[in-house]
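Undergrad: Listed here are the chains, written in short residue letters.
Number of protein chains: 2
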Amino acid sequence: MKKFINNVESLLDESLLGFAKANANIIQLNSQPRFVKRINATKAGKVALISGGGSGHEPLHTGFVGVGMLDAACPGQIFTSPTPDQMLAAAEAVENGGGILFIVKNYAGDVMNFEIASEMLSFENTSVLVSDDVSLPKTHSAGRRGVAGTLIVEKILGAAAEQGANLTTCKALGERINRVTASMGVALTSCTVPAIGKPTFKLNDSEMEMGVGIHGERGTETMPLATATEIVDHIAKIITDELKPEKGQQALLLVNGFGGTPLMELHLIYELAAQFWEKQGVNICRSLVGNYTTSLDMAGCSITLSLLDEEMVSLWDAPVHTAVLRW
Amino acid sequence: MKKFINNVESLLDESLLGFAKANANIIQLNSQPRFVKRINATKAGKVALISGGGSGHEPLHTGFVGVGMLDAACPGQIFTSPTPDQMLAAAEAVENGGGILFIVKNYAGDVMNFEIASEMLSFENTSVLVSDDVSLPKTHSAGRRGVAGTLIVEKILGAAAEQGANLTTCKALGERINRVTASMGVALTSCTVPAIGKPTFKLNDSEMEMGVGIHGERGTETMPLATATEIVDHIAKIITDELKPEKGQQALLLVNGFGGTPLMELHLIYELAAQFWEKQGVNICRSLVGNYTTSLDMAGCSITLSLLDEEMVSLWDAPVHTAVLRW
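Quick note, the sequences are listed as chains A and B, same order.
In terms of my numbering, the first sequence opens at residue 73 and continues consecutively.
In terms of my numbering, the second sequence opens at residue 73 and continues consecutively.
Think of the hints as simulated: they come from the structure by calculation, not from any bench.
Hints may contain errors.
Put simply, identical chains are the same to the list, so a pair is met inside one copy or across any two.
[Claimed, not checked] With a straight-line cut-off of 25 Å between C-alpha atoms, the simulated SDA-like cross-links for lysine to any residue are: (1) Lys93 x His393; (2) Lys351 x Leu84; (3) Lys210 x Lys274; (4) Lys93 x Thr301; (5) Lys274 x Met73.
Work out the full structure, taking the sequences as your base and the hints as a guide.
TA: Here's what the structure looks like:
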């Protein structure tokens, strides 16, 4: 294993200290229990948005804390759910009279721990479950996983909450976004989890792993390495079958790198995906390309299409000021 | 070689099309010859800033074109200088009465081609040469290389030009920034150039390459892999010997990933570097952590310290709106 690291035990804390120091004008770190909260005061009655999940997906979620997006994020150990005490402490720190909305990626550990926190919390609270990964069937026993589409839910709900939407409205909006958002990922290499010290799975030089999640797990199928166009066509067809966009439908296209793939390749994937849907008459009206929901050093990417209505587009465009997303 | 690619010949053009489409509200691509220019109109008399260099370092330079930074960028083939016709066409497209300032990383091919363009150009023009890489001695026959510090020069000059500084002032300011900026890089792996198809150099699992540039070339020394603290101390001492910061000196600290290293590790490196200089009484007043000057998929990072005066800090803080830097 080759990483910049002192030791596995201290990696997360040392890294969070650096993140907090480099972004001290936007967020503040609480070390015990671990959470990151926005510095900027909120209006009384604003719904407080809290997300969280295993570390190793940076900049998700800590990089999305700030004005117009999350109020707090709870980082777990690498690829491990945060614990309820983190969520409770974060909720105490950011609740401002409007209740708490938890944004939860659909993974068993995350779901369980956010549920425990929800039950223990004295504030009014509810949650939105993100399940945008269409590489698994809808009927999968654990449900579909929450992956890169999570940031779209976080951005749009962040704007809605900032503009005064109440808890019920935010929850309903979040569930609507989740229903119109579909993602699928492909990996060229596994990632290496520091505590394990070697790649989680092996691929030979002529293979790729289709339908991967973001925790270094195997995907749904090991396939022969294909051209970029073939890969995009494969994924885009599955997403299209799921969302069934109509001609003229507005959409946000997100090409998300898993950490080890250069921007040059991500922009190539974006171009091919945009061409695919433009040919079908979809109006790609908003775009995002970069490493936003990563899997440590995995080479690979995911494609997300989100069929936004006018309200969602307007909320996507609303001002945001976090460590990573700013406009 | 495992990459998202259709073929080596079309990679750059397909990728630039994607970059331009995803950022159509900020930049515009000219395909023949290749350059990217800002869309937003400039005030008459504004100095036009043009940079460029080999591709493979994304988001440098195309990701820094926009209001408050570059007016245009000329991407060459991967790790290959752009040609004078690109620079001439870019200059024609963005000159607005204030003359042209070329910002050139110190590499033989770039220097030569920008000089040719400068001589052929009918507009008033001059250049700033960036040479922030202190892994090579000042007396090196080709001079020191321009690396991650280039974006600091581009950002600060971009703000100065936007505020009306003339060509002479911009050139002098750029040279001052270059003198107070020092960078050094370390790699854990080589990158793989698509046209070559295999890693440029080999390192075994217990080695790292100290003093690397950004073109997949070997560094100044192959060393045993060390802890993050030891790596930061090694680099920070060399930068300190070069810049000799005084107690209370304000500085910008940039930790730049080369493309294949997770944000978690970059934030750890940032924390250790910030601690190193804080102990010496340096005031780290501005920070940037992320993949900004990359070397395709290389795992590794560089540390840059820039001793900014009040004017430079104020220009660093001035509004910027590019694909990547926005505040």
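Undergrad: Please sort Lys210 with Lys274 into within, between, both or neither, judging by C-alpha distance up to 25 Å.
TA: neither (28 Å within a copy, 45 Å between copies)
Undergrad: Should Lys93 paired with His393 be assigned to within, between, both, or neither, using CA atoms and 25 Å as the limit?
TA: both (16 Å within a copy, 23 Å between copies)
Undergrad: Since the copies are identical, ignore which copy is meant and state whether Lys351 and Leu84 lie within 25 Å (CA to CA) inside a copy, between copies, both or neither.
TA: between (44 Å within a copy, 22 Å between copies)
Undergrad: If the cutoff is 25 Å on CA atoms, where do Lys274 and Met73 land: within, between, both or neither? Let me know, please.
TA: both (14 Å within a copy, 15 Å between copies)
Undergrad: Check Lys93 against Thr301 for me: Cα-Cα at most 25 Å, and say if that holds within a copy, between copies, both or neither.
TA: between (41 Å within a copy, 17 Å between copies)
In summary, the one numbered hint that this structure violates is 3.
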